[in-house]
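Residue numbers (our numbering), protein chains in the order written: chain A, 1132 to 1481; chain B, 1132 to 1481; chain C, 362 to 805; chain D, 362 to 805.
Covered by chain D, according to a simulated footprint, are these stretches of chain B (three or more residues, beta-carbon under 8 Å):
#, stretch
1, 1344-1354
2, 1447-1457
Derived DSSO-like pairs (lysine-lysine); straight-line CA-CA distance at most 27 Å:
#, chain 1, residue 1, chain 2, residue 2
3, B, 1388, D, 642
4, A, 1397, C, 660
5, B, 1192, C, 733
6, D, 666, B, 1391
7, D, 365, A, 1480
8, C, 628, C, 365
9, C, 628, B, 1259
10, A, 1388, C, 642
11, D, 547, B, 1440
12, A, 1157, D, 733
13, B, 1458, C, 733
14, B, 1464, D, 547
15, D, 735, A, 1157
16, A, 1440, C, 721
17, C, 666, A, 1397
18, D, 365, A, 1286
19, C, 735, B, 1183
20, D, 735, A, 1191
21, B, 1458, C, 735
By construction, these hints were calculated from the structure, which means they are not laboratory data.
For every residue, glycine included, the Cβ atom is placed at its ideal position computed from N, Cα and C.
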Amino acid sequence: MSFYAYKDIIEAGDLVLAFISRGATKPITVTPGEVLNTRYGQFEHDLMIGMKYGSQMAGKKGYGFIHLLHPTPELWTLSLPHRTQIVYTPDSSYIVQRLGVGPGSRIIEAGTGSASFTHSFARSVGDKGKVFTYEFHEVRYNEAKRELEEHGLMKNTVITHRNVCDDGFEIDNHKVDGDVVFLDLPSPWTAIPHLNKVIAEDRQVGICCFSPCIEQVEKTVKALEDDGWTSIEMVEVAGKRWEARKDMVKHVDDVVKRLKDIQDRKSQGIEKLRNVNSTAPSEVSSTESTPEPPSKKQKRDRGFNPFGKGTRIKEGDDQYEWRDVTKVESEIKSHTSYLTFAYKNPNRKV
Amino acid sequence: MSFYAYKDIIEAGDLVLAFISRGATKPITVTPGEVLNTRYGQFEHDLMIGMKYGSQMAGKKGYGFIHLLHPTPELWTLSLPHRTQIVYTPDSSYIVQRLGVGPGSRIIEAGTGSASFTHSFARSVGDKGKVFTYEFHEVRYNEAKRELEEHGLMKNTVITHRNVCDDGFEIDNHKVDGDVVFLDLPSPWTAIPHLNKVIAEDRQVGICCFSPCIEQVEKTVKALEDDGWTSIEMVEVAGKRWEARKDMVKHVDDVVKRLKDIQDRKSQGIEKLRNVNSTAPSEVSSTESTPEPPSKKQKRDRGFNPFGKGTRIKEGDDQYEWRDVTKVESEIKSHTSYLTFAYKNPNRKV
Amino acid sequence: MNTKNRTVITANQHVLIRLPSEGTKIVELRPSGVVSLGKFGSFLVDGVLGYPFGQSFEIVEGQDVKPILSLQHSSDPKDVSEEPEGDLNKEELTKMFSENNQNIIDIGSKIQKLTNDDIEELKKSGATSSIGQHIIDQMIAGHEGFDKKTLFSQQKYLRRKQQKFLRRFTVEYLGSSQMLQYYIDKDLPRVIDLSEESLGLLMTYGNVRPGGNYLLIDETGGVVLYAMLERMGGEGQVVLVHENEHVNIIALRHAGYSEEYINRMVKTIDYLQFLEPENEKINWEDKSEEELAEMKSSKREQYEKRRERATAINSVIETVQNGNFDALISVSTLHQPTLLPRILDTVGGSRPIVIYNQYKELLLETQHVLTKDKRVLAPSIFETRVRPYQTIPGRMHPLMTMRGGGGYILWGTKVIPQEGITAVGRGISKRKREESPATDATDS
Amino acid sequence: MNTKNRTVITANQHVLIRLPSEGTKIVELRPSGVVSLGKFGSFLVDGVLGYPFGQSFEIVEGQDVKPILSLQHSSDPKDVSEEPEGDLNKEELTKMFSENNQNIIDIGSKIQKLTNDDIEELKKSGATSSIGQHIIDQMIAGHEGFDKKTLFSQQKYLRRKQQKFLRRFTVEYLGSSQMLQYYIDKDLPRVIDLSEESLGLLMTYGNVRPGGNYLLIDETGGVVLYAMLERMGGEGQVVLVHENEHVNIIALRHAGYSEEYINRMVKTIDYLQFLEPENEKINWEDKSEEELAEMKSSKREQYEKRRERATAINSVIETVQNGNFDALISVSTLHQPTLLPRILDTVGGSRPIVIYNQYKELLLETQHVLTKDKRVLAPSIFETRVRPYQTIPGRMHPLMTMRGGGGYILWGTKVIPQEGITAVGRGISKRKREESPATDATDS
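Start from the sequences, fold in the hints, and give me the full structure.
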């Protein structure tokens, strides 16, 4: 198991993301003898060993299942208990693309936070690149450090316990030489002046500052300008998730038929009532305009009921006509942060 | 013709909006003897008289047409040459809904601008309400005044040439008594203190300040708070227009067939070449795998060409399979202004 | 006449109560009555009467109220929601940074020493105006991490707690926005995902105003109808088409309109009557005075009822047959592509056609149908979305989450096509295409 | 090996030139060559070599250049783009208000006394660095309203003019974002409406990284392929499926990769070979040394070519048959619902399936198909949109207009379903539904 490459078969000691349901993915380290308990059943680690990543796995009692997924930075992000504000994928993927992060990039990241973006950076820069990440908060630093170690990411990642706003980014025994900077700090403008000592001198350096409030952006823009950064641009990223659904087609002709049916049944009712009273022969003709007997299964007689009103219908039920529609999440992320980008150039031949 | 109610038949002197094409609607005053010249032909005013509003009208030379539309504030907004920044319908309709503008409302609007929102207000408040609109810029004031008069809107609208930031909103011979305020000014915070003299004292008053820059919002929020306005909330309105389009369905089976066809034609070519050289009998069997002769009309022989590559195909052409899709405007309005709402209450029994 | 008072809190009207939790409630203000707000307490109706709508109150003594500036403002001049002014320096910010971080992991219910039972006990112990503040003080005392929090997070925390326990409320006029908000909170599918901004756009594109004569399909239980009546101010008429035996305008129960008012403004007709008017007209002949005189009073009553019903049905069928409606507004889950072509002709020339749907895909199908049908000019699908901000000075940003959805609106203009008109020739059409890349009306 | 230099402007590479007009251009830097930028002048290639990518230049004397801070900054310390600091007082603002208003109507080409001919004349008159400024000065002199404009609108006006005449440019590394930007400007349908943010999301959801083995369908002329190669840094492999006889990767012409490099990293296969591998494998037997020795050299050459082709085809077919790809990335106009079920099995377990489309409606159809097909877990459609701001201090707001569209991405995970697994019973399923309102994987 590694965040740098896929493997196919699950072994003891592997990190597996157990996909229980949308919104519920549980990271587990496969340990002989242990059992994963979910509300969809129990799943023995012993049985996972030797299975293929991606396999559907049945619960112990024969019903219920989970899927055993290989970790990636993106699935890891989804499975994280939200320890702190996460940089979500629409933001992180754009930052990586726009700043040209790739094999060989040297990243400066502060703060580490939940380390979810750290995972993504480490994956992308490969063994030719390097990620320097800084976290001030001790508890979180320790947690992130442990996690990066467990996930085998220390091959290209250096995590430092540091308040970069006060103490800068320099690291003993490392030439940071960063060419991509990501600052997710409450006051990036206090950290920006410290960057000069650790960013590359022989090539262009890109920065992204991630700030929730607009006033932070104003101060950041000023600090960047004062410090010689150019091409400053601020953007917002809006990410939405849509789901495919089906909506029942209700033709007005069926409405009309139903209204006629109601009318007919009513007049039949009156007729019946009259028959009871007068014992006159019933008029057969009155039933002629009754619409064809409803073909849909109906538990009790609702008359002609083309849209299954009052019954429980499964979305997409073959007995009805449907249209494909998309529905957005019921609650969308309307704001994550403002992203302020800028570049710094040596402005000389190198 | 009136912005307060529809009429059915076009008469001389009426304002008609000639819909030429999407994005090209021309307001004309129907005048006997005159002719409307468009790139879709010439249209005689005389012939318009007596026609129904909404009619399609043929050009003089027998081809081309326009539609003769009845003015409404919304169609008028679309037909306006953009003299100044217009309050677009997604913004204006939301402001009207949120502030509960309706029959009897008393509106304070500054500045008048293109008067497009003034039209909308005047329509909505009816003869029981009143619109007080203020414009500082003389040229624009005169133009708006003339237009409001021509459009018969003076019945419930009072336009004043005034710099409200300096001189406030009071008007001789009128008790303004406003309960809805709309400020589209560069510095609304300088106008807000002047409102106290003209807003209603016996009921709640709502305000919307319309400012493009975030810093204006900060100053506006402060001015509103200082002046006792409450429930301050700022929002953005994002309006988009989508068009229905059709996208061709291209099945991979057809791609495979086409590749086979190319292969066959090639080997036939080689075969033919060989035949020419050797005069050996051609193998009939080699044509057996040729796909069925293409049923599509094709001007030159492109072989099996299931998606009509290289030919001009009308969107929705019956000979192909299509899916309905929506396409957003190629350029969207990503920002109009920030809308800052607030309310002021007498805070006593009335 | 509309006898509702739109400006002053008046007895016997339904109003919207807005709570500090951002919850909403619709209540009827019966004179001398008591309104219960659940955990926010209860108040005497008479205490709020006579104030203008929009007034906020705090429950002070028993069920009495006093007016306050707003839900966020206590009567005290200085209150917790006020922010410190001025820029924080680097040191403070670094401190805030560290403390913010420090507390994120620590904060949780585990360090909250005050149990729910404690809180319930406190609530029972007194009904004074200070009870909310009292509970908050206790909670702060029981919150070990509180003094370690930054000023900002302390305030945020207090505000959140305040929302739960302060006995404040605002009485708002029950306008259409408030009615919609109430249904959005309580039963979103009931209003088919409609948002306030989409409702506003519907009304504006529909050109709804006093004196109009509108054709309406409304499956929101009458919320859209209510918005229209609000815009019409008692002048004009709405013909409401419905699919069931009886119309569902449940929202109007709260509207406070008299039955007479509704009967005058709103005519209802079902799809059968609408689409097969000749069959559904009721043959009716008034009986002569003599015949009536002979009837028993019970029979006579029955006769009058049937006469009334026949007149109403025949009258609305006639209205539809006369057509020339000033707009068609449709907020419906019925399949519009098969419905619209059958009802379009009842709409007058140059009048708007406005179709709402929760799903853009369904309006897409509708737009294609209308584009082929020459009776609707330039139909397009519109989407409007409002994004609210936090406006705390120095901490301004859009709210982090908001409701998705809100629906889509198809807007076009009913027109009268002429037979035998040729569009401009190909050459001109080609030049035209270059000039205006948008789809052109003459192309369709 | 990738021999491209990503950091320093180097001879014989293709680079992106960014112009003050926001236009872009791709040029190859031939040593001692001259690059023409149209109205922005022309420059000697040798003058820009050796600077880091991202460097901005101004054309100074003839075709020589000097480095400048950025397109917006002249070499002068004080330049026009700088804003006055501090708050404007009410008087100034009122003045600005009035002047702003006053000028909106007046400003137009009619008061612009400098004709285009004048400008052309001026441009010919000299090639000094000051020509741009000179033209601007002349234009200001010819602009009667200029002194009446506010400071801000003056600056805005200058900036706009500057963009047209200042002979500045930036040399950027031709990364995938730049390549995409170039095609977006020049030929948007070529890249099927793909935006930079959608491209980034494709790469991230596709988990594209060094050493991966990817299956790609790319109808953007190779722009997506180029982005993948960038992320892979010369390690791994992309199998590219194409629908025509020959693959179209025109964008790679500018990439500066050697043919050897591309041949090593990219294997191509057409749909016929992909879907009917057994038919399309080429039966090939190497001739013996003796046979070869007997061949004429022209025949021998032909034999070698055919052998190479057969080996390549058989090898890629074998790669596909072995499958276990690390992702499927599809950026295609082909009908995915009928295509995907036929190729899904070539993707390894737990690997991402990432499908781009310009239209959400088409991904909707695809999602329904994949949800029924148990081989893709939790497919969803994602939309990402970037909204740029104006960041002039004191005048911060989103840009007023931006490009619509940008496409949609369907992302799911390839999984391996097991036969005979029962989902949890109805009772549990019901409780579950209440707990998590989202559609659940076990429902499908």
